Amino acid sequence: MDQLFGMAQPGSPAAAAPHAAHKIPSGDGPYARAKHFQLVEKDLEASIAWFWKAINTGDKLDSALKDMAVVMKQRGYLTEAIDAIKSLRHLCPKQSQDSLDNILLDLYKACMNNYSLPPLNIFIGASGRTKEEIELLKQKLRKIYLGEAFHGKTMKRARSHGRKIHVSIKQETSRVLGNLAWAYMQQRNFMAAEVVYRKAQMIDPDANKACNLALCLIEQSRFADAEQVLGDVLAGRFLARDHQDGKILRKVQELLARIVAETSPHLHGGGSDQQEEEDREDDWVEREILRLLDVAVTQWGAPYRKSNRRLPVFEEISSPIGREQMAC
Numbered sequence: 032m033d034q035l036f037g038m039a040q041p042g043s044p045a046a047a048a049p050h051a052a053h054k055i056p057s058g059d060g061p062y063a064r065a066k067h068f069q070l071v072e073k074d075l076e077a078s079i080a081w082f083w084k085a086i087n088t089g090d091k092l093d094s095a096l097k098d099m100a101v102v103m104k105q106r107g108y109l110t111e112a113i114d115a116i117k118s119l120r121h122l123c124p125k126q127s128q129d130s131l132d133n134i135l136l137d138l139y140k141a142c143m144n145n146y147s148l149p150p151l152n153i154f155i156g157a158s159g160r161t162k163e164e165i166e167l168l169k170q171k172l173r174k175i176y177l178g179e180a181f182h183g184k185t186m187k188r189a190r191s192h193g194r195k196i197h198v199s200i201k202q203e204t205s206r207v208l209g210n211l212a213w214a215y216m217q218q219r220n221f222m223a224a225e226v227v228y229r230k231a232q233m234i235d236p237d238a239n240k241a242c243n244l245a246l247c248l249i250e251q252s253r254f255a256d257a258e259q260v261l262g263d264v265l266a267g268r269f270l271a272r273d274h275q276d277g278k279i280l281r282k283v284q285e286l287l288a289r290i291v292a293e294t295s296p297h298l299h300g301g302g303s304d305q306q307e308e309e310d311r312e313d314d315w316v317e318r319e320i321l322r323l324l325d326v327a328v329t330q331w332g333a334p335y336r337k338s339n340r341r342l343p344v345f346e347e348i349s350s351p352i353g354r355e356q357m358a359c
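Residue numbers (this note's numbering): 32 to 359.
Hints were generated in silico from the structure; no laboratory data involved. Quick caveat: nothing in here was measured; it's all calculated off a predicted structure. One or more hints might be untrue.
Unchecked claim - DSS-like mimics (lysine-lysine), calculated; alpha carbons at most 25 Å apart, straight line:
hint : residue 1 : residue 2
1    : K104      : K125
2    : K104      : K117
3    : K125      : K97
4    : K187      : K201
5    : K97       : K84
To be verified - Okay, the calculated beta carbon distance ranges per label pair:
hint : residue 1 : residue 2 : range
6    : M186      : G58       : 33 to 39 Å
7    : S295      : G183      : 53 to 59 Å
8    : G58       : G267      : 52 to 58 Å
9    : P56       : A255      : 57 to 63 Å
10   : S295      : K73       : 48 to 54 Å
11   : R219      : D59       : 51 to 57 Å
12   : Q218      : L177      : 35 to 41 Å
13   : S130      : R281      : 29 to 35 Å
14   : H182      : L122      : 16 to 22 Å
15   : F181      : Q259      : 30 to 36 Å
16   : I196      : S127      : 17 to 23 Å
17   : F181      : D59       : 35 to 41 Å
Note that beta-carbon positions come from the ideal geometry of N, C-alpha and C, so glycine has one too.
Modelling step: build the complete structure from the supplied sequences, incorporating the hints.
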């Protein structure tokens with residue numbers, strides 16, 4: 032990364048795209064040059080070098096640090112971006128700390144290849160950053176619990192897939208719990224992951240977390256419980272975030288296929304009959320998936336009624352016993 036810290040010379044002026052022009056600050060300082068290289072020249076290596084110079088000279092330091100980390104992630108310099116934020120965030124104002132936390136969490140996820148659902152029969156091993164991610168997520172939960180999130184407000188504006196949205200404390204709590212559960216999954220701590228997923232679903236349920244909960248149950252060989260959760264998804268009892276209905280359906284089908292594969296008797300054959308037996312097994316698996324889909328829709332197709340039961344969201348954080356159970 033030594034080459035990133037050298038001084039990059041700006042190229043010839045280029046007209047910024049209309050959507051990017053308002054994002055480039057005026058002037059000729061290091062931060063303005065970094066944004067020019069990032070958005071106009073599309074020279075990410077040069078932009079990183081100028082972001083470093085902006086940080087070193089104090090030119091919009093917090094913005095330079097956040098933007099540099101985002102560009103480093105694009106270039107695959109994940110470890111360098113994490114170390115930069117952790118070593119320099121103390122120089123940034125208090126109001127920037129929450130956004131720095133969010134960037135760190137994105138970088139931690141990227142270190143784990145950022146799968147939304149692992150491929151069948153492949154599970155991502157816990158990375159060296161998973162423990163740090165878990166601790167950071169717990170800190171965010173403590174802030175919510177203490178009323179320090181959203182600067183004391185109950186709602187904040189955010190961006191999701193380029194759209195401006197409003198996020199409530201309730202939604203944020205469920206989102207952070209879902210991320211915490213997924214981090215426990217990376218550590219193969221499925222019991223802790225299940226507890227946290229169920230708490231997240233009681234606060235603000237959605238289809239993606241339901242699929243991840245089903246995966247968690249499958250990893251514990253609790254196939255009937257996983258089928259029930261997937262049946263709830265198919266019955267439309269959970270929202271699919273950001274118009275992901277098709278993606279959710281594919282996840283359900285993949286998980287049902289895994290249940291079938293892990294619960295079906297293995298067929299053995301040899302010689303010239305082996306291919307024929309493999310074809311029969313494929314047909315049987317396909318029929319079983321369709322059967323499970325039909326059973327799920329008919330068995331769990333009744334209108335969803337929310338339960339009045341409510342688990343304490345922060346018992347792992349606020350009670351001594353809970354803290355021991357949730358310890359990494």
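The hints, checked one at a time:
1. K104 <-> K125: The given pair, whose Cα atoms are some 23 Å apart, holds under the 25 Å limit.
2. K104 <-> K117: At roughly 15 Å apart (the allowed maximum being 25 Å), K117 and K104 satisfy the hint.
3. K125 <-> K97: With Cα atoms ~14 Å apart, K125 and K97 stay inside 25 Å; holds.
4. K187 <-> K201: holds, 11 Å
5. K97 <-> K84: holds, 14 Å
6. M186 <-> G58: 33 to 39 Å: holds, 35 Å
7. S295 <-> G183: 53 to 59 Å: holds, 54 Å
8. G58 <-> G267: 52 to 58 Å: Hint holds: Cβ distance 53 Å, inside 52 to 58 Å.
9. P56 <-> A255: 57 to 63 Å: holds, 58 Å
10. S295 <-> K73: 48 to 54 Å: holds, 51 Å
11. R219 <-> D59: 51 to 57 Å: At 52 Å between Cβs, range holds.
12. Q218 <-> L177: 35 to 41 Å: violated, 26 Å
13. S130 <-> R281: 29 to 35 Å: holds, 32 Å
14. H182 <-> L122: 16 to 22 Å: holds, 20 Å
15. F181 <-> Q259: 30 to 36 Å: holds, 35 Å
16. I196 <-> S127: 17 to 23 Å: Holds - the Cβ-Cβ distance for I196 and S127, about 21 Å, lies within 17 to 23 Å.
17. F181 <-> D59: 35 to 41 Å: The hint (35 to 41 Å, Cβ to Cβ) holds, given that F181 and D59 are roughly 37 Å apart.
Consistency note: the structure conflicts with earlier hint 12 alone.
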